[in-house]
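Engineer: Each chain, letter by letter, is given below.
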Amino acid sequence: MSGIRSLSQLIFLMVFALSISCLWIPAQGVAAQADEAGLTQDGKVLNPGTDLWRAVRQRDGMPPMADTPTKGMDSNILINTYGEDWRQFRMDQLIPKAGMLIGGVLALIIVFHLIKGGLEIEGGRSGKYLLRFREFDRVLHWTVALIFIFLALTGLILLGGRSLLIPLIGKEAFSVIASASKEGHNLFGPLFIVGVIALFVRFISKNFLGKGDLGWILKAGGMFGGKHPTAGFFNMGEKIWFWMIIIVGLIVSATGLVLEFSFLGGDRELMELAMALHGIGATLLIVGAFGHIYMGVAGMKGSLESMTTGYVDLNWARQHHDQWAVQCEQEGKVLDKKPGVPAEVKAESAPGNPVTTR
Amino acid sequence: MITEFIDGPLWYFSLLVFVVGVIWRLFSIFSAGSKKDLSEARESGVPGAIGSVFGRFFVKKEIAPQIRLQVVAGYLFHLGLFALLFFAAPHVAFLETELLGFGWPSMPYWAFIVSAQLAFLGLLMLWLHRLLNPVTRLISSTDDHAAAILIFVVMLTGCLALLESYSELRVLHRFTVELLLIYFPFSRLMHAITFIPSRAYTGAWFGRRGVHS
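Those protein sequence lines, which keep their order, are chains A and B.
Mind the numbering: the first sequence is residues 1 to 358 in this note's numbering, read in order.
Mind the numbering: the second sequence is residues 1 to 213 in this note's numbering, read in order.
With the rest of the complex left out, here is chain A (with noise of 0.2 angstroms):
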């Protein structure tokens, strides 16, 4: 019985040995590189600990000090102080200025409305109409306008969410929300991307530079008094806006798609990138598209109908479009009324009419 005991003494005695051993090499190399490196200058002697850190961290471009069998991106880095830095810059500059910018202009288009209000219609309305956009032009703005917003809510939400929700809603339910979040953006991403293409296509012959452009941007387009510069189907405001979601949206569409197909290779600091662009592109696009809604919606009344009903009037048309106004009249495309059902059909098919309530 004893000698078992012994015997089980002499191998745990020499597994703890030569585990000492193994901790004793490297840390006998790193002390050899310090007595190589000699005393400090003023005759201190240097800390092994701290070239041992160092050269742990990476720090000063020193080469990673592990080795693996394992092969794998980052496998041989022992602490990714990269990772550090980046995390810094998301939630100590990404975060709080992408929420200061969002919020800024939200509160200046407030502002801006307040003071100013609504541009009404010069002259009132005609009562004849111009059709601006046609039915497929408007169905692919509202499908990328829906898709869109959907990718902010759920991109805001994966931004900026445990910051903001974790302490209204806990972080079990923020948990789930980020879980959807993800899906969902990751799922109508490639869409949006379909979307910008279409939208270049579809727009592109009509956002070239064109005459009084220039003149646009310098008197801002007669926001801020003064008679309104001249324009054609597009000002210079809108082609701003769709070059805009050409550019910037590509840029957060292929981010996007850098971010969404990780397992394909991109390494840690392309992934970073990707994700700093993709966040400042797509705060871009939010704070753009707050812009282009406050137009659409309050900011110069008659606009909307143009994407609902695809007329807009012809006053309308005139102040804002002026060259494109002048270009239908004399094509002789200015229309008496608005085409569409008739109203007496309209009232037949009312809710409630017994011949049509099915």
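Please keep in mind that the hints were generated in silico from the structure rather than gathered at the bench.
Incorrect hints may appear among the rest.
Said to hold, decoys possible - Restricting the straight-line Cα-Cα distance to at most 25 angstroms, the calculated cross-link-like pairs of lysine to aspartate or glutamate (DMTMM-like) are:
| id | chain 1 | residue 1 | chain 2 | residue 2 |
| --- | --- | --- | --- | --- |
| 1 | A | K171 | B | E164 |
| 2 | A | K211 | A | E122 |
| 3 | A | K171 | B | E4 |
| 4 | A | K338 | A | D137 |
| 5 | A | K171 | B | E168 |
| 6 | B | K61 | A | D137 |
| 7 | A | K337 | A | E135 |
| 8 | A | K182 | A | E84 |
Got chain A sorted already, so can you dock chain B onto it with the hints?
Structural biologist: Just chain B, lined up with the frame of chain A:
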């Protein structure tokens, strides 16, 4: 508590309403009958019925340019939804374990995602067409909009629960499915079943008169 209710009694209740409701609707349609056709038939109605059931999957070229959007969006939505409903892996597993006792091969994850994206795109465009076209807007009732929104919500909750990490999301999806099952027999969604007898009846009616519609 709510989870047990949704997974248990409400599921069986919605299934019962769906089955009984569909049978009742079909019975009421077929038992209504039709006026006896006293004219001498020029030809049998059977070829006309079969021709209409299958032929109307194809668009007549005379009207194709006017309805291109509805045709493309319609096929995107219906094919995408069909694939999701019957070939999504979670659905196949559910049908096998909870309802049928047998299953069939499911589609891979990437095909699920593509099917969902096509179905969402098609449904959005169809619903927007319904709203933005003056004629379809006029003839659309609350039922049409409710059906479109309900289908959208069911598809959305299903896709949001795709990670299968949170039972709350799965339960939410199941709850919306149960609402859909209860709503289905009493809504325009019945066209998913009645389109076959409807086409066949019209095709036979024309066929007896020698008209190939």
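Engineer: Indicate, hint by hint, whether the structure satisfies it.
Structural biologist: Tested hints:
1. Between the alpha carbons of A:K171 and B:E164 the distance comes to roughly 18 angstroms, so the proposed pair stays at or under 25 angstroms and holds.
2. Of the supplied pair hints, the one linking A:K211 and A:E122 holds, its CA atoms being roughly 22 angstroms apart against a limit of 25 angstroms.
3. Using a Cα cut-off of 25 angstroms, the hinted pair A:K171 and B:E4 holds, with the two alpha carbons roughly 23 angstroms apart.
4. Between A:K338 and A:D137, the direct Cα distance comes to roughly 18 angstroms. Compliance with the 25 angstroms bound is thereby established for this hinted pair.
5. Annotation: proposed proximity of A:K171 to B:E168 holds, straight-line Cα distance about 14 angstroms (limit 25 angstroms).
6. A hinted pair counts as satisfied when its Cα atoms are at most 25 angstroms apart, and B:K61 with A:D137 qualifies at roughly 23 angstroms.
7. For the suggested pair A:K337 and A:E135, the alpha carbons sit about 18 angstroms apart, so the restraint of at most 25 angstroms is met.
8. With a C-alpha separation of about 23 angstroms, the suggested pairing of A:K182 with A:E84 holds against the 25 angstroms cut-off.
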